[in-house]
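Novice: Single-letter residue listing:
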Amino acid sequence: MNELLFLIAFPLLIAVLLLLVPRDSIRDVLVTGSAAVLGIVSLYVLYGYFNRNTVMFDIPTEPWGNVMTIIELLLAVYILYLGVKHRKSFTIALIVLQAGLLLWYEFFLKPGMHPENNLFIDQFSIIMALIIGIIGSLICVFALGYMKTFHHHHPEVRDRRNLFFFILFVFLSAMFGLVFANNLAWILFFWEITTICSFILIGYSETEEATNNAFLALSMNLLGGVAFVGALIFLAITDPSGKSLMLDYLLSSGQAIALVPAVLISFAGITKSALMPFSSWLVGAMVAPTPVSALLHSSTMVKAGVYIIVRFAPVLSGTIEGLIIALVGGVTFLLASFIAISQTNAKKVLAYSTIANLGLIVACAGVGTFNLVWVAILLIVFHAVAKSLLFLCVGTVEHRIGSRNIEDMSGLIGRMPKIAVMMFVGMAGMFLAPFGMVISKWAAIEAFIQSPFGLIFIAILAFGGSATVFYWSKWMGKIISVTRQPEVVENSVTKEKWAVLYILTALVIICALIFPLISAVLIEPFVMNIYGQTTLLPLANLTIMILMMGLLLFMPFTMLLYRTAPKHTGPYMAGRPTDGHAFAGSIGISREVVLSNYYMDRYFGEDKIFMIGAATGWGLLLFAGTLLVGVIL
Amino acid sequence: MIPDLTVRVGAALLYIILAPLVGGLVVGIDRKVTARMQGRVGPPVLQPFYDVLKLFEKENLVVATAQNYYVLSYLVFMAVAGALFFSGGDMLLVIFAFTLSHIFLVLGAYNSFSPYSHIGAERELIQIIAYEPMIILTAVGMYMVTKTFYVGEIATSTIPIIMYLPGIFIGYLIVLTIKLRKSPFDLSTSHHAHQEIVKGVTTDFTGPNLAIIEISHWYEYVFLLGVVYLFFAFNPFIAIAAIIVAYFVEILIDNTTSRVKWQLTLRTAWIIAGTLCLVNLGVLYYLQGVLTL
Amino acid sequence: MTYLTKSPWIVHYDCSSCNGCDIEVLAALTPVYDVERFGIINTGNPKHADIFLVTGSVNEQNKPVLKNIYEQIPEPKVVVAIGICATSGGIFRECYNVQGGIDKVIPVDVYVPGCAARPESIIDGVVTALGILAKKRQAMQEGGSTTPAKAGEGR
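Residue numbers (the working numbering), protein chains in the order written: chain A, 516 to 1148; chain B, 6 to 298; chain C, 616 to 770.
Simulated from the structure, these hints should not be mistaken for laboratory data. There may be inaccurate statements among the hints.
[As the list claims (entries may be wrong)] Below are the DSS-like pairs computed for lysine-lysine, each with C-alpha atoms no more than 30 Å apart in a straight line:
#1 B:37 / C:682
#2 A:863 / B:266
#3 A:1082 / C:682
#4 A:989 / B:266
#5 A:863 / A:663
#6 B:266 / A:1123
#7 C:719 / A:933
#8 C:621 / A:1082
#9 A:933 / A:1010
#10 C:750 / A:1082
#11 A:989 / A:933
#12 A:1082 / C:678
#13 A:989 / A:1082
#14 A:989 / A:1123
Start from the sequences and build out the full structure, keeping to the hints where you can.
Specialist: In structure tokens form, the structure reads like this:
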């Protein structure tokens, strides 16, 4: 139990220290040291709890519950102040509504409820804790160097790095709290903290665009927060004893009781994970510094949304509401993958790919058979690792070449060879066999085919999956093309950044190699625990996957065969090159070759597809809402 | 039903050794038949082998050394995909390995910063996204009929799969045209004496590398025709006849149509073939609910 | 034994021909002559080719092009000059911008004169080139380059 409390309290302590310490050198030591501590402790948690299934901890509800209430109300006042300052009436309305509901809950419903076992841990929590503890803290270390360069490149932005790191560590603490909390009220508290962390970090640069996008993110997340509070109130009214506020009790109490809160909380999860009608906030959040995008908007915070939906998967399974939520996820996967084809901005491609994968996870969780829950958790793991690597690489590249446009990354392999190889590995991790995401896609097809209405999802997977192949491959191609820009510009990347990037690259490969182990130790027991049956991987296929991985890792060594370089020549240029990469034009003009990828804007344009997605998403959600009202009445 | 390990490894090895021979022969016959359709005599049936052996005698002229790696990986993973297929492995795994190998070809083309290779690479990618969903849906359809993804079990099943999956079969033939690089969908590179924006993806490969690409195509052909076999697996004779007819139809299409734009390729593959597949699957799904298959 | 002679692939370049010879080159691909019988393919890409067919005389504008295409053909390779213009410059020989035959720029192995060269003689020229190709292959195996040090020296 102490480990869990430590993981929640320690980052908070560090956060306060970081807020007070303005010096770079001390901050470097503090962040690096505490990152190491967090990583080690989360591994220790894995060691201590991996074979113990669900362990409950009876933490007294008070005074913590009251402390949380006070903090929540203070934050509400703060947001209200900001909302008034920036004249965001929608945000004001939402925060007033949420605070009102919360006050009602606190003063009229909560007294008399005595939930126990406020904290717990099981294999799924361990997985999330590992992601937060290892990947999250690695990103914090990376942010040290990144933010120095960031302020160097953007002198117009106010240097508020102590605030920045304060928020990062508060966020880590809240994430740990969220995955260990068993009391829904506590989950809501941590949930709101992450929302506000995200809000502050998106608005970090204080430009008009950043502020607007921050408020967009805030309002959409608050909308989810209102639904979450609604779930609490519903539970408090239906069960005044407060027992059903306990996640474990609620999940085991059957669909009759749990369905309404499950759908409400899933709605909150959908807003947090930026699925289709709400995807715009995540895309807008890309204005934040890259480590923020890596930490909050790909590997951890948005995972909180899918985390809670996966938790409720057994409740949603087999219901029409669950199917609708799955469809929202599926439609998001398909359409976000299409939109990603049309994007030239690297961070936006990453954002849409994130949205797509979150959609896929929700699709799995919404249908909610045991196989699909297994797939969903596997997706969470692989996506967190590969996507954080990609974000950090893009951030590094952006600082060196001064652009986040994919078209400007052509020939990156010559200019930043190591980063390019890392991006290559990261992208392979996102869509190529035998890396993680494809394993999940494969398992998802096999699982969907056995579930009701699975055919819809298989079609979505087949078409969305091939769109995924398209946008990653063309980006990969851009990176590896050999242009004449041999000047290496990656030498100024600092050592700690390299360390982070190396570790993440290794993690992508290691995860693909040891995923059977991850599955056997953590995911399968978790699924077994809930469903009484679990996915068993056929051994033969596993062997083949690992052999393929070995082959893939071996193939680059065949380059050694050609060390006595074969004869080189320029690319074919219809016989009119001047010096390899330019055409000789008329009257002695030399035209540089400019190659651009296909973006198919006419077919996969953002506006058009998003319109379709938002309409479908709202339609589905309203349908689910109508059904829910029917259930409540 | 799954044959034991030695049989499976044996089948895989047999594929790795024999597939280039069979594939080369198929291409040779293809060229001969094509020539006859055009009123020509045509090259000897063994011509593809002469071509490849010749290419190995040539100098390896590269734009970037890494090209060799991509091309070799293309061959290796194509052989892996085919070997997995013929050893009775999981159909989905085969498809993913198949995609992986094509990505290597595309990357090899991107690697040389040439406008012609580049267009070829983009078009090859469009072809990949055009055919990949259909092949996955084909596997799914076979699963719905035979309740297994294992090629070994599908091939030994006595169910006449084609009776249940006529739509998927036509859809598969449409994407087969793309995969065999035949007109009207030979966008990224083409066979025989056809040309497409110089030579598409293969523009910047010379000698041995081109030979390796050619051999990979042979591996690919045998695998693709193997999938046709599965539709008729209940009777090997009918199956082999079906392969011959299917291939002949492809040659006929090749010689009677002209090349289309990529937009139309994508639309044909996604809308026409996709609808055929999905309607077929939907009907099957519905019937399985009503009648228990 | 070499397979080069069984599968000679051609790239055809029109230097500054009047198109007379070009039409005859393409005529050789038609069903009447059907050079694919001998495994000959018109590739349109120097990087795939073994035999370089050139028509027309060379001038200042296309000299670098001719050279570039020649350099992009992997060894072993042969050059066939088709028609009298490619051989010596023909009637354009004295033009102010014409350099003469293509052997001023690249080494030529076979000359097929004629105005225009007939398909039969073109095929004959290619067949002759095959013999040279085989020899060059042999020389390559024994080591050493097959290309003369400098093109068009002394002509």
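Novice: Are the hints correct? Go through all of them and say.
Specialist: Here's how the hints hold up against the structure:
1. A C-alpha spacing of about 36 Å is found between residue 37 of chain B and residue 682 of chain C, which places the hinted pair above 30 Å, so the restraint is violated.
2. In summary, the hint linking residue 863 of chain A to residue 266 of chain B is supported, as the alpha carbons are separated by about 29 Å, within the 30 Å threshold.
3. With a CA separation close to 17 Å, the supplied pair residue 1082 of chain A and residue 682 of chain C stays within the 30 Å bound.
4. Pair hint residue 989 of chain A plus residue 266 of chain B holds up; C-alpha atoms about 19 Å apart against a cutoff of 30 Å.
5. Distance hint between residue 863 of chain A and residue 663 of chain A is fulfilled; the C-alpha atoms sit about 23 Å from each other, no more than 30 Å.
6. With a CA separation close to 23 Å, the supplied pair residue 266 of chain B and residue 1123 of chain A stays within the 30 Å bound.
7. For the suggested pair residue 719 of chain C and residue 933 of chain A, the alpha carbons sit about 47 Å apart, so the restraint of at most 30 Å is broken.
8. About 25 Å separates the Cα atoms of residue 621 of chain C and residue 1082 of chain A, which keeps this hinted pair within 30 Å; it holds.
9. With a C-alpha separation of about 13 Å, the suggested pair residue 933 of chain A and residue 1010 of chain A falls inside the 30 Å cut-off, and the hint holds.
10. Simply put, residue 750 of chain C and residue 1082 of chain A have alpha-carbon atoms about 21 Å apart, close enough for the 30 Å limit, and the pair holds.
11. Our distance criterion of 30 Å between C-alpha atoms is met by residue 989 of chain A and residue 933 of chain A, whose separation comes to about 19 Å.
12. Using a Cα cut-off of 30 Å, the hinted pair residue 1082 of chain A and residue 678 of chain C holds, with the two alpha carbons roughly 23 Å apart.
13. Among the hinted pairs, residue 989 of chain A with residue 1082 of chain A is consistent with the structure: their alpha-carbon atoms are about 27 Å apart, no more than 30 Å.
14. For the hint linking residue 989 of chain A to residue 1123 of chain A, the alpha-carbon distance of about 22 Å falls within 30 Å, and the restraint holds.
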